[in-house]
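Number of protein chains: 2
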Amino acid sequence: MLKKAVVLLSGGIDSSTALYIAKKKGYKCFPLIFDYGQRQNREISSAKTISRRAGLPYTLLKINLPWKGSSLIDECIDIPRKRKKGIPSTYVPARNTIMLSFALSFAESTKASGIFIGAHTEDYSGYPDCKPNYFKAFEKVKNLGTKDGKKIKIVTPLINKTKAEIIKIGKELGVPYDLTWSCYKGGKKPCGVCDSCYYRARGFRDAGLKDPLTYKYQ
Amino acid sequence: MLKKAVVLLSGGIDSSTALYIAKKKGYKCFPLIFDYGQRQNREISSAKTISRRAGLPYTLLKINLPWKGSSLIDECIDIPRKRKKGIPSTYVPARNTIMLSFALSFAESTKASGIFIGAHTEDYSGYPDCKPNYFKAFEKVKNLGTKDGKKIKIVTPLINKTKAEIIKIGKELGVPYDLTWSCYKGGKKPCGVCDSCYYRARGFRDAGLKDPLTYKYQ
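If you're matching them up, the sequences are chains A and B in order.
Going by our numbering, 178 is the number at position 178 of the first sequence; the sequence numbering is gapless.
Going by our numbering, 111 is the number at position 111 of the second sequence; the sequence numbering is gapless.
If you are wondering where the hints come from, they were derived from the structure by calculation, not from laboratory data.
You may find that some hints are simply not true.
Pairs involving identical chains hold if they fit within one copy or between any two copies, as the list cannot separate such chains.
With a straight-line Cα cutoff of 30 Å, these simulated DSSO-like cross-link-like pairs (lysine-lysine) come out [to be verified]: (1) K150 / K161; (2) K150 / K85; (3) K140 / K161; (4) K140 / K111; (5) K150 / K188; (6) K210 / K151; (7) K25 / K185; (8) K4 / K68; (9) K136 / K111; (10) K151 / K85; (11) K161 / K23; (12) K189 / K68; (13) K111 / K189; (14) K210 / K111; (15) K85 / K147; (16) K153 / K189; (17) K140 / K4; (18) K140 / K62; (19) K111 / K188; (20) K85 / K153.
Treat the numbers as computed from the prediction; the structure is a model and nothing was measured.
This is chain A alone, in the form it adopts within the complex:
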């Protein structure tokens, strides 16, 4: 029987690459997609399309976060146009902890042995819940707070990679980057201005590759 993995899939470059890495490692993958009230649902459609392309049945979890406090879910707060030091307003309080706890519940219920998450430190060093010591702490919660958590491994295959390295790995694995979505805003084309567009553009440039999504970083 194939070993199973729950893969957190947002529809961006990192999580899509993590999905293809899990597949390559021989896991039967179960993508877990969250609708937590993002101001745009473009990335959710991307995540669904990528799952379909990979021939995998996704699970979509709708969570209506009634509190706000992040420009990603609150339209009253502008998406920042310029990168500043510190934690950006796009930070969603405890987002990865919420997502990991659901992935853990899913994995334990279905006897999966892996949870894959595409988080990495290089680009988003502002987000506290993307750092190695955070995942180490969650590992302990997993082991102590569940019945079979010790049998489940949290895998962060990209944790120390740069965006350019991730793109190169994904290219080798055939990740359909044309279907991914990174922009914090919705719309037909990426805004080319937000942090996420910036890191994507820089990643492709540093990897020496052309982004299949045609837009220009301004």
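Keeping the supplied structure of chain A fixed, place chain B upon it in accordance with the hints.
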């Protein structure tokens, strides 16, 4: 300005007592109630009624857990009639981790300084996510995985208390135990057979008090 606290409220004896303790400590309380697809919604109505009685605005979070694996949310699995050693089938994978992560997100978004949870080890020693070392591990996740998590305290005021002690404390504080609900099954009257009915009955008996819910433990 009053200090604020998010209080996880299930509608049972423990969480209702934790709510009244938080109130007594001078917190402005925000009860957080979960509808995670319990096979009965009697406890959710209790939680709402208790919030109203305490004059507090509750937040109800509806989570549609698409996976099952627990007799509390899966009607295909019987609620056990007899207590056995080990973790019972009423265990919901990673439930407290999911709830605490939402409480953390809520607390950080609203600048609350406390999260109250009525978990305790004595009665439910079978549940791994009710033990002190689990909460200690989650404390670390909170501190490392958020922006302002260090300012938020996770308070487990009942962690080492017995059910009888909890009932005595609540009685002093005026917790309306007639409005609480403990039975794992729904219905008009508690089943008087499940684990939760057993611990409730034993708690009142050991406290030398009469349960205001009139039913007989069989």
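Hints that the structure is at odds with (numbers, increasing): 5, 6, 7, 13, 14, 16, 19
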